[in-house]
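There are 2 protein chains.
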Amino acid sequence: MDFKDIVKSRRAIRQYEAKAVPEETIRELLEITSYAVSAINLQPWKIKVVSDQETKDKLFPATFGQNQVKTCSHLFVFCADTDYAGIINTTNRVMQAGGVPDPQREAMMGLAANVADGMPPEARLAWSKEQVYIALGNCLNGAYSLGLGACPMTAFQPPAFAEILGLPENLVPTVMVSIGYAAEAGGPKVRRSVDDILV
Amino acid sequence: MDFKDIVKSRRAIRQYEAKAVPEETIRELLEITSYAVSAINLQPWKIKVVSDQETKDKLFPATFGQNQVKTCSHLFVFCADTDYAGIINTTNRVMQAGGVPDPQREAMMGLAANVADGMPPEARLAWSKEQVYIALGNCLNGAYSLGLGACPMTAFQPPAFAEILGLPENLVPTVMVSIGYAAEAGGPKVRRSVDDILV
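In order, the protein sequences belong to chains A and B.
For my numbering, add 71 to where a residue sits in the first sequence, where the first one is 1.
For my numbering, add 71 to where a residue sits in the second sequence, where the first one is 1.
If you are wondering where the hints come from, they were derived from the structure by calculation, not from laboratory data.
Be a bit skeptical, because a hint or two may be false.
Given that identical chains are not distinguished, each listed pair holds provided it fits within a single copy or across any two copies.
Said to hold, decoys possible - No farther apart than 30 Å at their CA atoms in a straight line, the calculated lysine-lysine pairs in the DSS-like style are these:
1) Lys75 with Lys127
2) Lys90 with Lys79
3) Lys79 with Lys260
4) Lys75 with Lys90
5) Lys260 with Lys75
6) Lys79 with Lys119
Quick caveat, the model's predicted, so the values are computed rather than measured.
Model the full assembly from the supplied sequences, consistent with the hints where possible.
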């Protein structure tokens, strides 16, 4: 399917069939998500994948009644990562393994350390969250391209999620996506015209 | 092209042919961008499209030497919109025209007003910026799907941009994308493995 058709036809899907999405499809969706752009290629986020009913039921009270959290096949909880020392370490290893020339890799990692060190903690968190949202877009378009229904949600209580999921302090739950096989068509697609998005 | 192929093959392109992208292609890219998801469907951002050489040259000194700002065909400057009264007005009109049932539309606009009113100005700006990044992803994948090269950039001076482009106070330049016909293959694609993005 053409990319334009994907973005035009994709809908938020909140009703799912009672059928689990195979783990290899979930893995493919995670791979698609992982290819998202990020500032200095740092990918400062992680995903907690929840598929067992008990954990979904435990999370539900912290989601303002969003039923799709309980009825989806898989729930992706996107977390902004604020541990820039750890992030830079991982990125450095990944770039080395990926064959990025040493001078370029070293320059990028030096820049990353400078930028991260120059920010107060709340700016670092905001920066990481912005990168989460790029990955979110890949995940939603990717789910649709794989024949899955998905719904993004930011209305939930991050501290409760962090506790229930046992997340380390550096990972801040930012947005979640419920995933499953669609059991509804979704609402009308309504967006601004091009003229309405131009300055 | 399959979406997975798009996200796997897309590269940041900084070298462009000296050939203008036709306005109808730019318009199509803007349309693809406009379909991005946003919280409560508010689309709290606008794009300033710059294609004249004089303005690109004026912006260049505020971009830390990023040459692609001068040599691209078109530069998209994504601005976070902080005028939530105006945003809600526009969204309300667009939803009405798009046939969203009145009770649903009214509930969404009430929620939007409550959420926006409950935030201090800096939180509203951060919220808008997060939505910008979802649209950015659509723009980058969209450019590639249309056969264009593109490069996202956040290293620039927003106040200088606002002044040169004569932006109203509610629009905050957040990220820019240079667009043109690719004159390079781009660097290696290096990303974390799926295991590296899982908690």
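A quick look at each hint next to the structure:
1. In the homo-oligomer, the alpha carbons of Lys75 and Lys127 lie at most 30 Å apart only across protomers (28 Å), although the nearest pairing inside one protomer, at 33 Å, exceeds that limit.
2. Proximity of Lys90 and Lys79 under a CA criterion of 30 Å is satisfied in both settings, with 26 Å inside one chain copy and 29 Å between copies.
3. In the homo-oligomer, the alpha carbons of Lys79 and Lys260 lie at most 30 Å apart both inside one protomer (8 Å) and across protomers (27 Å), since each shortest distance falls under that limit.
4. In this homomeric assembly, Lys75 and Lys90 come within 30 Å of each other (Cα to Cα) both inside a single copy, at 29 Å, and across copies, at 24 Å.
5. Proximity of Lys260 and Lys75 under a CA criterion of 30 Å is satisfied in both settings, with 14 Å inside one chain copy and 23 Å between copies.
6. Taking the shortest Cα distances, Lys79 and Lys119 sit within 30 Å of each other both inside one copy (28 Å) and across copies (22 Å).
The structure fails none of the hints (numbered hints given earlier).
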